[in-house]
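Asker: Just so you know, the sequences run in chain order H and Y.
In this text, residue positions in the first sequence follow my numbering: the first is 1, and each later residue adds one.
In this text, residue positions in the second sequence follow my numbering: the first is 614, and each later residue adds one.
Capping the alpha-carbon separation at 30 Å, the derived lysine-lysine pairs in DSBU-like fashion look like this:
1. K171/H with K387/H
2. K705/Y with K224/H
3. K952/Y with K277/H
Here are the in silico distance ranges between beta carbons for each label pair:
4. Q1306/Y with I65/H: 46 to 52 Å
5. F636/Y with G397/H: 38 to 44 Å
6. Q545/H with E1301/Y: 22 to 28 Å
Think of the hints as simulated: they come from the structure by calculation, not from any bench.
Ideal Cβ positions, reconstructed from N, Cα and C, are used throughout, including at glycine.
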Amino acid sequence: MSSTLPLETKAERRSTSSRSPLPFSGDDADFDLVGMLLEEQHSLTAVEEFSQAHSTGELEPAQSIYYRRLLPATPPEPGQQLAFEVNLDSCSGCKACVVACHTMNGLEETESWRKVGTLTIGEMESEIAVMPTAIQVEDSPITVASAGIQHVTTACHHCEDPGCLNGCPVKAYVKDPVTGIVRHLDDQCIGCKYCTMMCPYEVPKYSKRLGIVRKCDMCHQRLKTGEAPACVQSCPNEAIAIRTVDVAQSVATQSDRLVPEAPLSSLTRPTTRYVTKRGEQLQVAVPQDSRIDEVAESHWPLALMLIGTEISVGMLVLERLAATGMWFGGAEMPVEATRVTALVSLIVAMIGLNIAPLHLGQPLRAWRVFLGLRTSWLSREAVLLGKFVGALVVATGLLWLPVISAWMPVAVVDAIPDWVVIPSWAISATLVAAIVLGIAGLYSSAMIYIATRRELWRYSRTMPRFLSTGLIAGASLTALAVFATSDFKTASTLLLLTGAMAGAAKLFWEMSFYLGSPKAEKASKPESAKAVDFRSRRLVTTHLQTLSQVRSIGGWSGVVACMFAIASIAFGWDAVSVLLMSFASVAFLAGESSERLLYFMSVVYDRMPGTLK
Amino acid sequence: MSMEIGPSPAVDLTTGNGAKVPFALPQVLLRREGEMTRELLLHPGDHGLGMTHASMAADTTTTATCGFCATGCGLRLHLREGQAVGLTPETKYPVNLGMACPKGWEALRVLDSPERATTPLLRGADGTHRPIGWHEAFQTFVDGIRGVQERHGMDSVAFLSTGQIPSEEMAFLGALARFGMGIKHGDGNTRQCMATAATAYKESFGFDSPPYTYDDFEQSDCLVFVGSNPCIAHPIMWERVLRNQNQPEIIVIDPRRTETAMAATQHLQIRPKNDLALLYAITNYLIQNDLVDHDFVASNTTGFETLQQHVAAFDVESVAREAGIAPASIVRAAEAIGKGTAVSLWWTMGVNQSYQGTRTAQAIINIALITGNIGRPGTGANSITGQCNAMGSRLWSNTTNLMGHHRFEEEADRRKVADALSMDVECIPSEGSWKYDRIIEGVRRGEIKGLWVIATNPAHSWIDQSDVRKLFGKLEFMVVQDMYHTTETARHANLVLPSAGWGEKEGTFINSERRYGLIKKVRRAPGEALADFQIFRGIAHYWGVADQFAEWTDPEAVFRILQRLSRDQPCDITGIEGYRQLDACGGIQWPWSEADSQQGTLDPPQQRRLFEDGKFFHADGRARLVVDDIQSMPESPNETYPILLLTGRGTVSQWHTQTRTRQSPVLRMLYPNEAYVEINPVDADELEIEHGQTVRVQSRRGEITVTASITATVRRGQAFIPMHYDVTNRLTLAHFDPHSGQPSYKDCAVRIIPQSY
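Only chain Y is shown next, with the shape it has when bound in the complex (with noise of 0.2 Å):
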């Protein structure tokens, strides 16, 4: 057989020459046509789509980013009479190389719901929702924020909002919030996924900016994925590390052994929250035998001798010790990192959600930054996006710090941005907004008595859930603007707001690698579900600040805004001509500016990686070493509670709080529709626990009651728990890193009983 890839032409593969043609019975007989053979032929597809269903012909297609995760797959939509009746994944597109995963795939599939919101729905007396119009809904909605506000003091109402709707939309909530209706606290859930890593990097290298191209996938000779399962959680990135030619080395720290570790050439199966010391170990060990790029720490870092004399005290017999793996597991990792040309070191929420995340994120750059593994093909300490939108979120939303990555406490920024958005600088305040933890901690004293709550699922998704869904009954006031109706949150809230979705909208995502995309309004949405940018922009009439958002018109109109407010920044983008050019290139990364679109008439190069001058954000353009103390976890299993829980991704077809997954049939075949616990076989052992069997998983918080899976990718004394599940946070602790408020939902003690019936 041929193995050659080339544009050699199709051959039609199943006609032979040597068959002989058996003996026919007439069609009465044996009916070979007919309607039902019908219904599945496939026609060619023109517009290189292949053969295709007649379900999914199209007119002509166009490519949208998807709108999940922050890979930002491009998703080519079949459309017809402008309306999308199918899509596949864009062959071309620079992120996806034509594939997709199962949500992408489902991504019109789960719009068509009848659990989609149609009208705003206002809570009557009775407790039950009842369906208004806008002009009510947005009287209503302006007469509560007020009333809080009046009744409270202005800032008694806060907001939370997403990494799932675009950076314009992003943008406009946050300033219509803030500049426009004085709400002084906003935070967005990608305090749940994305805080650690953006404190990290703005720490180390002076600014929130992940340094890569997923071609960096491909150009390591090892990999480093620390708390990461790109197998499950971002599939398609791990479709570029099998493209890697290299034979690259695959080093994998997990305390499961997931797909991706059984994949992995080495596998350190670490005690929970070992993690830091075990990069110290490593970071001492390239030290200690100068496995170090000094010329690159002495022009590009400080800290270096802070850093080696803090790790000095990690050494790998006892950090192997404690973490439960051989010594010489550490050694063979640090060689592989010491001695490879083109390293590069990746984490995802294994490291972001825990109470030293931040920490363990910049023992991670630290080792990129000692081996000078960064601002070259195939290197850099890169980190993993979740939400499709969480960099937008970092970049726009106008809450912890200042639109565009300014600071609110700088005069000079403040006035910067009022210029871009000319606006009255007096409208900007001169302090950011409290965390989300704080926000929640703030209902609990009664400071938060309004809460808008934007396109996310907290009475799920939230650390010690039971606690959160307490608190929300202590609210005056609480809307949320969502696709459906029926989230767990929704079903706290007097005014429920119905959002157009993914597809039915036009802005852009920004996704892991820096990279702009488009996402297309392909589908009208149900009833009278409004944008969340025309919601905006109802609210701000209702509010009486429409003339301060006169030139919101548009997503792209604010597009245009976002250029000039990123101007001299590290994320600057005012080189992008357009969404028409962003559309034609396949996305755009950050930076772009205008300087580097005049070099020449090209298009922006696909694949840019930052730092390749050295030259950090610092002001002294060197980047930072951090080090710190080691913390113990709060809530170490004991003889009560001898199990510690882990949670996570359960499978690629379940995203976040499954309000949108939940929606596709064929997506809900493809994972465990009831939640489940999965338990070592010798745990189950012990405590007589078979497998598929239903058991009792206790906390100190509370009790759930799940089904049993017994595996020995978890180690004895552990369990782990989809987060997906909406049981799953009733046992999570609340606990946080003190440095970006990210919750640590992945170490709290837990026992578990068997069902008796």
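Bound-form chain H, shown alone (with noise of 0.2 Å):
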């Protein structure tokens, strides 16, 4: 050690305030043992009595002296930038790099931004699986088994194109131009949480606490100052350094990943580079974790507000939709179904929107979320579902002024200057621009989770699910409007049938690939390719059984209440009509929220390699 403290002699005793001998007798009262030896129990000695190892105004790192060599000499050059290189062949699984991260960052109890993982290497499937017998030996100096086991340790990987970063809607994310390095804002940051779900690797992680989400900044502050970061100067085996990397270096293949079951690489571009002479061992490694999936988050207030503005956009269309067919067919919409309509579809967008901000950890912040239109679909549904509700609120306000002027006081009326007039195209000009907006904005959502490129959010299975809700609840809510208002049953008889054909089509479809028994899959092992498929069924089935039944029954209560209240508007039994409306209306609200508490908590995905829990 560096200390040179001088000895001290035998004959110099140390401070023996709080050291003393025993009386030889339990006899004496007046003693308090207890006392004595809880007191000598709180006094801390270390300082006065041990030598510091280090003195005063020691700036350079101690550490020094092992991580220069895996740091880079200079910063780098324009068309470069910093990156982690990780040598598998000497990561021998300890996981300091995880503690040392947590605890040189001052992160929270169970925060870290590495984390490391396993490989298991060895064949899963027993008909190729060999008996892994003793080491054959050859010549070589190296033997290779065929089975063996594989840690990988990760952390952000600071990408060409980062996920987050693109997917931010208030610009909390910003790429260094020197270093690459991608920096979270912490202050700027407003918890939506969307970047957890457009980093594929899983990186930036919320905290409830703070209320926004924090992620590896490769130790900025340290690499300012010239020190190495806390996980690569803490690896026994110096297996984690800094290199220079040139950008723009093209991903060779669509289907190049990190390691084994992480995510495609050309998702974001990712610069981490994993160094190993055993590569070809672990093309054929899998994930300790491998096919073992969680329940993913709820986003429920993120729900609920996607089926609100759903609903009410869905609404808005029908009305018009069948307004439109009222006119070919030679009859007109009464104003007052148009004016519930449009008035029920304001209140349950209110409410969707309202509730969405539960899911945001910083709701104060979120004035800024149209910093990121340029790149973030979140900006865009955020900004286009503002002004679709600005356009309704408009519309029924214009729609309701007739019945608030009957009840103005004269006064009020009479002091509105005559040159206010009110065109007659207003209504229906408000009225389109809140469905058009309400469309884009509706796309807008949908594109939020497509764009985050897991499998299973894919279009195809995105789209139909975001737009036939308005379709499925809209259509029972707004024949109820109609019926309630009109005396047009036919209006409102097609609009049951749209949304019991819609909501029927809907389950179909779902039954296809999530709900509904597995068996027929049961026995084919999942090849990669619906590998997520099985995966997320298999939650589905088992995990989110309950919920799937509530998706189920709510559907189908939803569609055979439409048809009842079809048959009993043609009997002219207006109260079960009404009632069976209302039913049906609640039963696919139902149905529609579960289906997309489903989506977002049966959503499986490639990722880093894990450990069992």
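Join the two chains into one complex using the hints; note that each chain is given alone, in its own frame.
Answerer: Following this line, the structure appears as structure tokens:
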């Protein structure tokens, strides 16, 4: 050790203030033994009695003697960036990097920006599995066995095209122009967690306490002083290094992955390099947590917001369609029907949009949401749906103006100058504007999830879901509104028929890939393309069984109630019809909400290797 | 990029010259600063700490030896107002060179836990524990132990201690119990980890003396690991292996394909318990091919002819067939050992925890001896120790041998010890204690009625655990002294005494390479918890033997007693000047006698090994070459129980029975929280078990429900369950090495059944 403190001479006794010999017998009544022992226990002595290993003013980090060669000598040039390089052959799986990251960065109790997963090498399937015999003796210096274990340490890959950054609605991510480090601005973050979906590597982690996500910044502050990141300086085997890499190196093939079962590197172009001489063995390795899936976060405020806005837009669309149909039939949609539909639509949208902020960790910062318009579908959705509600408020206001003015004191009405006229086309125009903005908003909503490029959230699985909800639950609600305010029973019947058919079609569609019994698939071994579908379906049929039952029962009850309502309308049982239509709406609402919860909770995706839980 | 190491000045790696400064939005739109950003700010750390988070900022630092395993890493404690606020591994400590494993990093965190025992607890008539004061606790302790002794005789009380408390406390316990309280039987949990190595060394070398220093990892050109997985069990030792610049041959003998086996150049994946035959076959090959250092054998060993005759029966072909490996792989390993210039052989629990462990360890020692691989850099037959103070327990616990590795049976030894302790020689018994297994057996037979358990958790860790738990129910009085009141064993106790832990007290640990390292008091123990040392003082007082222990006032005073006791023993430490010198030197390896210290004014060299002169500790100075017949497994797999169960360490972040490691949230993230069994893919397929599925594992002694982990790292017909889970030892078979008394944890027959829903 470095210190050269003078050694204590034998004659010199150490301070004995707290070290007294015991009296010889227990009879001494005045003597408080327990008090003395406790007092001794609570006096800390390390500082007064022992050397301090380092004198003050020693600014050069002591550890630098080990990590110098693990850092580049100079900052990156233009066209380059810093990247982690992991030597898999040196990593022995001790996981000191995880704890050092946690400790040296002052993170929360279970927070660390590094994670270590385990790969198992050796065949999993019996037909190919060979009994792992002892090593075949060869002359080569390295004997290779058929089986083994490999640990993989992973942190942020500081991607060339970071998903987190592209998705962030408030520009809370910055890709440092010099180092290429993807940094997160903690005070800008609104806690929407969209980056946790956009990052294929599960890097940003949400903190409940702070209401924001945090992530690895490659210990930017350390690198600024020439010090190695926590993980680099704490690895006993020097398996993690910082290297300078050239950017815009095209990803070799579409199927490149950092390690087996990791996300496709083409998604975000990660910069981390895993170096190994055992590449061929690792090609066939399997993560220890392979195919062991857990229920994903429900994002329930998001689910309800989506359902709400979809129904709201759907009602407007259906009402206008019905009106158009009637116009062709020579009739006219009574203004009362439009008025009530718009109001209900507005209320539903408002409920949905007011629940949404519950999803945000920092809702007061959310006004900056327009900043990400250029890259983020979340920004686009937020802005478009905001405008949609604005247009809808105006339309609803105009529709209700005659009603309001009837209640208005004459003095107020008289006070309005004559030149204030509301043109007759204003209502239609605002309604159409609301519909256009609404559909654009819904499209953005769907694109939010499609943009994550999670296999289960692909376009063909997402768009039909998001667009059909409004048709289904919107239909019964609109039918109810039209029925209650007009005598056009055909319109209501047609709307109910639409709802029932759309509802049934959607249920059959969903049954084809995740609802219903998985018997047929149980025997088949899932292969990569179908693998995520299989895993998702397995979650639905096991952990999410109750929810999937709610989904089915809600959906089918809605369909049946619609059919009965049609019959009831035909028989002229008005009260029963209203009851049935209300029931259908509630049932559809429950069915569609659980459909959306299932969409979120049953998602599985490629991930970096993990371990058994 | 530069690969140079050296004092090149620190360079800001984040500021480039060529990059354009992008347009920046104003702070009101883009908040780059603020409260949350400040939360993660780092500040220049001073004291060589580098950039430091505010939570870890230190007034000063000091170094203490880690309290988990026997690697004995130096941890740099960050002190603020005398209290440790955090730690980082000590850069210049000669053991760990600035690194630590996750357990070490979290050493302080595990002290803060709601499971800490903060007051003495007494079990009431209703079976629940209620807090009591220390006065009542001491009185209850004395009355309880004395009561049992009066009712059932002096020998009816025993104690079970540990490898986790400092040497000074170990010695205090041993002296107090055996010399003060007349307790005859006591043993430590080191019986479960190091007894075999100690027994083997004693017989072969004449003293329990691991000869190596960690520098040997770096100096060898051939390293042999037998039943040892340092990557997981001793990651900081593996760090030293990776620093070896000789591109060494690394030979691993292990039934599982572990991380260490993966990193080896040769892996002999033998069937379990074929190790002894394999080592004899290698020995035979070495002799037959004249890869023997005859000069060394002739002048420094006895028993070569017997060895030669004994191993002659172990031909490579038949041993290879039995072990399930290629004959050529044995030849290749033997050649590497025979032709290496600095060969070191290392073993851990795969050898020690075996019913023929002592002979297996000695077979390893034999190979080192006949090839002359001892006493030189990079050589040795080296036992890697388990617990932080397993060696302190072996030297100072005063149980089966008289403290300082003296013999109870020798009157001269008893007199020497009595003089050193200034105690009456009459208080020293003339025979050693029962071993652990015999004490447990004593409980079964009703010979032991009172038990005092200190810092160990037998209700979890002892072999055939259900049996032990049942036996604890038979005790009339049981005291558990521990940091946590929640251990499986504490739940059985009549009286729980709350202990201070590592970081809350002082003392010395002795690591694997014989290095005395210091632990320091840098945290206040919670509530009324007391250091074991203080508890022993209190007991001495209440028992009425305070005068006998008048000199035992504080750990360093006891360290001076230990020094006196070590005089003229191979483990002589009379030359150490005291705690301050231990601290300043980064620990000191034994021996360091007064004579050594007077040879110069310099501090002891940091890397010292034994037997450089070829002289061993037997009276004739020669090492013994010990051989024995091979025994078969008592419970081989059969049709009903077709699978052989191995147990062992699971991950780096779990320590033994997890009483401490499970207190750290971050450590808990690093290992599977539920027990699991590793099964070979082919077996799993035959049993129709899927990866991640719940299965039942049954032995003749019990059944447990665990998760299946399918991996080809275990061979067919075998399964592996980590020892850290409380269920594991419900399956194991109680059988022991006859020489060391160490339990054989790694061979019992089980069957595995998929859980039906």
